Amino acid sequence: MTAPNSPRSCTFCPDESDQPSKATTETARSPEERAGERARAFWPEGGDGGGAAAGVPGFVHSDFAPVVVAVAERCLRRGYGSAGVPAGVRTGIVLVSASGDLASARHVRATVEAGGRIGPLFFFQSVPNSVAGHLAARWDLRGPVVCLSPTGDPYTDGVAEADLLRDDGDADEVLLILIEQAPDGPTEAVAVLLGGGARP
Amino acid sequence: MVEARVAQLTGVHAVSALGRGADAQLAGVLAGVPAFGPVGRFDTAARRVTVAATLSEVATLTDELAVAIDAACRAAGLDRAQRTGCALLLAVHGGPAPGPAPAVLAGQLAARCGLSGHTRVYTSACVSASTAVADAAARISRGDVERVVVAAGYLVEPDQFALFDAGRALAVDGAVRPFSAGRRGLLLGDGVAAVVLESSTVRRRGVEPVATVVGWGRAGDAFHPCQPEPGGNGLARAVGGALRRAGLPPESVGYVNANATGTAQSDAAEAAALRRALGAHATRVPVSSTKSVHGHALEASGLLELVVTALALRHGELPVNAGWLGPDDACPLNVVTNGPQKTEATHALTLNAAFGGANTALLVGVG
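Chain order of the listed sequences is A and B.
Going by our numbering, 184 is the number at position 184 of the first sequence; the sequence numbering is gapless.
Going by our numbering, 1252 is the number at position 252 of the second sequence; the sequence numbering is gapless.
Keep in mind that the hints were calculated from the coordinates and are not lab data.
Small disclaimer: the values here were computed from a predicted structure and weren't measured.
It cannot be assumed that every hint is accurate.
[As the list claims (entries may be wrong)] A short list of chain A residues far from chain B (calculated; beta carbon distances all over 12 Å): (1) R34; (2) G49; (3) S82; (4) E113; (5) P120; (6) A132.
[Stated by the list, open to error] Some, not all, of what chain B presents toward chain A, calculated at C-beta under 7 Å: (7) A1046; (8) R1048; (9) S1124.
Backbone N, C-alpha and C define an ideal beta-carbon position, used for all residues, glycine too.
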């Protein structure tokens, strides 16, 4: 499933340069299909108009958590509509980010270096697990929470972890979130819902 | 009949304020003397709490991890040729930090230690290392790989210390008192550990495994960004997953190295989880939290605690829960309080929980 309004180029899309061309393999499935994607969303998308993601209660200073929540909820709504995740389905969360919450970490570093005191909310958002926990609470996602710093292609790393959690039996499906916060550019993210139906 | 693959710990190494090496960890947790003291590594004058469990002499995290990985591989009897193709799963703090970025660090460590398999970096806060172990055990048991090195490291540094201080998570009385009345919070501690996990079907060199990872479980609370679910449902499901994979009943668990950080709500939620997962056995099984002596090593805590749990079980003596002031009605458990306890148990759980409602359980067996 491909989301409407997808950006033309995507930081996180799987590298297809080594895939056979569709001209020679008409029946070949895309990397997204092979990964078992059921829904996909981006931040930003065309309709976002360059605006900021809505704030998230308890999270301050940085757009890391707001973008994670915006892209994840957009994806979950595409996957489930307003009904939400069915009871009994264990949805894991795999959050992949090399930068992490760069803006918050830099604020903390500068404050500590200057001998200052940090606001307590920075403690609660000091690890990517926190925003994953916010999503899990809002959407009743009861599977494992795993955060990775990618060592290769982020999408491939994330899908591999999601596959392991599903094959190993701790998750029925996985919400995979890829996010990078650039020092001087916009924060970009993609979320995909993997599995839950028949495995490809 | 085909033998089922299980993941065995064939080499372990760990460093903490208790000392350097596996033997120092075992001796330290059995002695039960907390290793907390004033932090001399950076200025804590602006902080409410000024103590942690730190090594007096410490190298960079990169060098400490490289030494730990090499030591674990040597303990497992792996020469350079046998390390070829071996995967490295690394648990460290994510995002910007002094030293190389996590992915670069993983690559550097793999190259230095001769591990040429794939690398993965876990940044899932306090379940990073335990999740890595669960993943490694899963991949070995299903036959994807024969051998995995899991390494994890956290050295107490000013930014996380300031954050925990700001969040009023640190114990102002300078002691970690898991499950105890009057507990005031956690204290941070250095922790660097590495383990070699290998398939039981790989017969080689006559290496005697330290222990076997017979079960594991990972589950989420779906409750709050940073508070545990008071009923312990998520952690209980993780324990249930570990028992189910091992094919063992709750009564088979002879010891629990609890996550217990010495924090009021978290310890009570963990006690509830144990009651939920183990039933009546939860009030009988000996429980302690070795964080009471070596502190909370954050991303590395799960691996440091796995190492001490496996060593204690193999040694036949259970670590003491230091800092005990008296029982808390919210934690009706059989806490090991009066010194190390002799045991003939063959299986032990080591539990971890983190922000985001992330929970893991690892079940190890000996004998």
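Hints and how they fare:
1. Against chain B, the non-interface label of R34 of chain A holds: every CB pair exceeds 12 Å, the least being about 18 Å.
2. The Cβ of G49 of chain A lies farther than 12 Å from every Cβ of chain B, with a closest approach of about 28 Å, so its non-interface assignment holds.
3. Its beta-carbon lying about 18 Å from the closest one in chain B, S82 of chain A satisfies the requirement of being farther than 12 Å from that chain.
4. In this structure E113 of chain A is not separated from chain B by more than 12 Å, as the shortest Cβ-Cβ distance comes to only about 8 Å.
5. Distance check for P120 of chain A against chain B: the nearest CB is about 5 Å away, which does not clear 12 Å, and the non-interface claim fails.
6. Its closest Cβ contact with chain B, about 4 Å, brings A132 of chain A to no more than 12 Å, contrary to its assignment away from the interface.
7. With a cut of 7 Å, the hint placing A1046 of chain B at the interface with chain A holds, because the nearest CB-to-CB distance is about 6 Å.
8. Interface restraint check: R1048 of chain B against chain A, minimum CB-CB distance 10 Å, threshold 7 Å, status violated.
9. Hint on S1124 of chain B holds. Least Cβ distance to chain A is approximately 4 Å, under the 7 Å limit.
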